[in-house]
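Colleague: Given the coordinates of chain A, work out where chains B and C should sit on it, guided by the hints.
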Amino acid sequence: MNARTRWEQAFAASPEAHKRSVNRSGIEVKPLYTPDDVRRGYAEALGFPGEYPYARGIYASMHRGRSWTQRQLIGLGTPEDYNARLKHLLEKGATAISLIPCNSVYRGYDADEVAVELLGTCGVVVNSVDDMQRALDGVPIERISCGLNDPTPFTLLALLLAVAHRRGIPSAAITGTSNQSDCLSHFVANHMFFRLALPGARRLLTDHIAYCNQRLPGWNPLSVVGQHMQQAGATPAEAMAFTLCSAIQYAEDCRARGMDPDAFLPRFTFFFDISISFFEEIAKFRAGRRVWARIARERLGAKNPACWRMKFHAQTSGADLTRQQPLNNIARVAVQAMAGIFGGLQSLHTDSFDEAFSTPTVEGARIAVVTQNILRDEAHLADVIDPLGGSYYVEALTDEMEARIKALIAKIDAAGGMYRAVEAGLVQRMIGDSALAFQRSIESGEQVVAGVNAYQVEEKPEDYRVLELPERKSIEAHIARLAKYKRERPAAAVRAGLDALAAAAQSEKENIFRRVVEAADAGATHGEICACLRRELGFGQPLCIV
Amino acid sequence: MNAPAALAERIRSGDRRAIGRAITLVENASPGSRALRTALAEFVGRARVVGVTGPPGAGKSTLVNALIRELLARGQRVAVVAVDPSSPLSGGALLGDRIRMGEHQADERVFIRSLASRGHAGGLARTTGEVVDVLDAAGFDTIIVETVGAGQSEVDIARLAGTSLVICPPGLGDEVQALKAGILEVADALVVNKADLPDAARTEAELRTMLELRRRGPKTPLLKTVATSGQGVAALADFLAQRPLRPKSAVHADELTRLLSRDAFGAHLGIEFVGGAEGCATLRLRVGPQHLNLWNGCHGGAMFSLADMALGLLCNSRGKQGALIDAHMTFSVAVKEGDLLTAQAVEVSRTKKLGIYRSDVRRQDGTLVASLTGTVYLADELSPR
Amino acid sequence: MPERPPKVIVTKIGFDGHDRGSRVVAAHLRDAGMEVVYTPPWQEIAAVVKLAAEEDADVIGVSSLATDHLLVPKLVAALAEAGLGDVRVIVGGIVPPHDEKRLLEAGVARVFHPGASLDEIAGEVRRLTATARAAREGMAP
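Chains as they are written, first to last, in the working numbering: chain A, 16 to 561; chain B, 57 to 441; chain C, 151 to 291.
With the rest of the complex left out, here is chain A (with noise of 0.2 Å):
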């Protein structure tokens, strides 16, 4: 009897033998891999870090040699409240900013035009220049690279150019990044950042890319969001895919447009969900490289090695938190955390504790923050690239995942694209099929949640800490601003950027996205042009499908 058949047989012996396990994505995982799982020779499936087809790695010497970015997403309040606390991060030694506006901004509303209660509660109330000059006083836009939260029509990018003008800093000098650009992800399943139809939507983000490679040479215009897809139930694997779908459809968006792939790839950057199912999620991220790499290559006909790299941001998964034992979810983000970067990843947003029942406070997001210094420099997590390349399981698992996100892109070209995907509601459909599965799972105790189907114990939720809201009277005094704003600018010009920007839209040729920066530079406000575009290219009216 050779050894392996003397394992099977001591394992079936065992009562635990016959219990399956099967992984989010829906893979079964069996209960030991070895070397006959692993059939494809390394240079072929792995290579080496910085080389195709960059299974461990993108860069050749990863977080060995430059830690992962520590992005952090706040705002709060009004621009001053930001501001204090920009300037508080910054003096603790921050090299990257980032900004989230109010939902009312997400909307596509001045704060003049809503219901005054959720002002500034879920972020900064940025809508004119003047905002924006508030917000970023004294903040070296010029040398600190801004992360903005800007969905189509990407109005904070305009006003941060308008400060960058009034500043006389020049274009070309500001670095950062438009997240939340990709409209596609927000239609299927995050209507928070959806602001105009489909259509609309997608020829201002071509735009926007077109623009931005004319002209911000240090700013990516688009990143691709998984996250969204995932958050709303979708498995880690059609989550990795569905993201590729749409880098493949802006991708040929802007070669229709007669952009060269080799310019405009570079700047494509990611974004994606990490969740509590560690090898899983490293093998997601591990396999989505490797897809990635032969579709930029392969498919989109990209020659340089810049656009085959699949550099990406990632968040821990809120979903996975729970309200019960809120202190449980330190530890599950730790956990998510080091899926995240032992899958690679170039910056990554821990979630604070106390999220599942309250915008983070303080003090949860300094404990989300200090998680990723305990991992990095206690924990030395860093210290090897690719550190859990070659075992047998994580590379199986990359293997299988990477079948599971080339069957489901096919399903998606043979749907037409994903634009057709969407419009049809073929992709909402299972990512609702999967997040009902998902939590059927967990109500059957199947999928155990401590504190919330297992290991409960008597809580008394209202000694919670919660974050104090800002106060009804700056939020109050910031309205009255904004009428004395409008009152005093410019009016005709104003008017005339409007209606310059109200051409650009009906002429079809004109690039939308120029005539933005130039309306902002001009003191429109925010809910200004995305009125305007409301009307020319119509309300993003959302196609939900349960």
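Be careful, since some hints might not be right.
What the hints assert, rightly or not - Here are the simulated DSSO-like cross-link-like pairs (lysine-lysine), alpha carbons at most 27 Å apart as the crow flies:
1. A:Lys102 - A:Lys488
2. A:Lys488 - C:Lys251
3. A:Lys488 - A:Lys475
4. A:Lys488 - C:Lys224
5. C:Lys251 - C:Lys224
6. A:Lys318 - A:Lys421
7. A:Lys426 - A:Lys326
8. A:Lys326 - C:Lys251
9. A:Lys326 - A:Lys421
To be verified - Where chain C lies over chain A, by a calculated footprint (3+ residues, C-beta under 8 Å):
10. 119-130
11. 244-252
12. 449-459
13. 490-498
These are computed hints drawn from the structure, not numbers from a lab.
The C-beta atom is built at its ideal place from N, Cα and C for all residues, glycine as well.
Modeller: Below, chains B and C without anything else, positioned relative to chain A:
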């Protein structure tokens, strides 16, 4: 005023809550629904009922949205009944059609009600007809009934709507064959929506060929729309405007008017037809000098005739001829010259041969002045003169 | 005649668009035998009131993940104003504890937090439907 009459009045005044509650009453055939239908009967028969059906993905809701916009612009008030299938397993239903009519959700001139089909074979809820009558009585000018095209539902809709529209998306392929089987027989018009898509011309050609192959029946028009841009929607509204309000076969009003016009005694007394719905008929009489008795009150015989005639209309419809074999009338309040009397007859019970009917006579202020209960022997229809 | 199914509206008011929770709950209530009217996010309060009247709803479920629950007291007041005080309102999502108290005081029947079981939600909707209908019996139709 009694409860059904009070509810009816609120419905007539456009009280949204009352209309919503009344629909639930008739939808579920709850106690009180029959009395309510009686109270509403005289106001039924004025709305244009339009059925919209077609396969999933045809853009029905988007087209209905565009049609609502057009009808509002023409000064109408519009109601929509959106029917979604119930799950055969759980009995539950997700009513999502009104999602896609988001644009008009908040408009005061629009009333949208979702119904679950509750396992009714036709794909329409069993009580859709009664729901439509409530909306009709509430004064909506057009009532659109939208269902997923699922075989039988088109036939059901045809019984309810003056116009049945079948919406065809471009690129139907095999589904055109399925269309041929059932839908075309009842469609009053085919609408090729998304007519701007490349496949539209081919679909149109295929449908035209199919219509030409059909030998019998009137020629079915084929309309083209692009619901998202509104193209062709005005033409569709024009088409609807020249169609009958309800289908001939189902319009009790038409049948009852016809029957009444042949009743010489009714004409002699000056009795007018007001309205009718399933199981209910309403007539009216203005009390003149020729109806008065010795004491200048309305003659009991005139009131008996009014009540009897409403009852007679009801039992003589639907292919039966009724003969009143026993009746009893109670008079409660005196009626004077100039009063406007309304008699509403309802079917209390009906077997193959015998029907029991009640006919209430009310004054213009709603007061019950007399009530007749009668037993009718029902024979198969002899040819009326 | 069997008891007619509960009629439930599942909706989102305010600015947020995350609808995973509302979709999962709506699908589960359907599978539990209820008639569920599902709306897209960003509903205006007046539109929800109109919807409740037109659909003759028993229960309205509002999903809130990003402070939109702060608007729910306005919804409850607007329902009462429109003579729809018998319609029960429940809230599900991320609601800080002190806000939960405020919502309950404003007339919200129940607040569900992340981790609530679908069956528990369905059971509560059934119970509230019965109370809504009982309240309605006492009122003029």
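Colleague: Each hint should be assessed against the structure and marked as holding or not.
Modeller: For each hint, the structure was consulted:
1. A:Lys102 - A:Lys488: Holds. Lys102 (chain A) to Lys488 (chain A) sits at ~23 Å (cutoff 27 Å).
2. A:Lys488 - C:Lys251: 23 Å, holds
3. A:Lys488 - A:Lys475: 31 Å, violated
4. A:Lys488 - C:Lys224: 20 Å, holds
5. C:Lys251 - C:Lys224: 15 Å, holds
6. A:Lys318 - A:Lys421: 22 Å, holds
7. A:Lys426 - A:Lys326: Holds, at roughly 25 Å.
8. A:Lys326 - C:Lys251: 45 Å, violated
9. A:Lys326 - A:Lys421: 19 Å, holds
10. 119-130: holds (count 5)
11. 244-252: Per the Cβ count (3), the hint holds.
12. 449-459: holds (count 5)
13. 490-498: Check failed, 0 qualifying residues.
Hint check: violations occur at hints 3, 8, 13; the rest are consistent with the structure.
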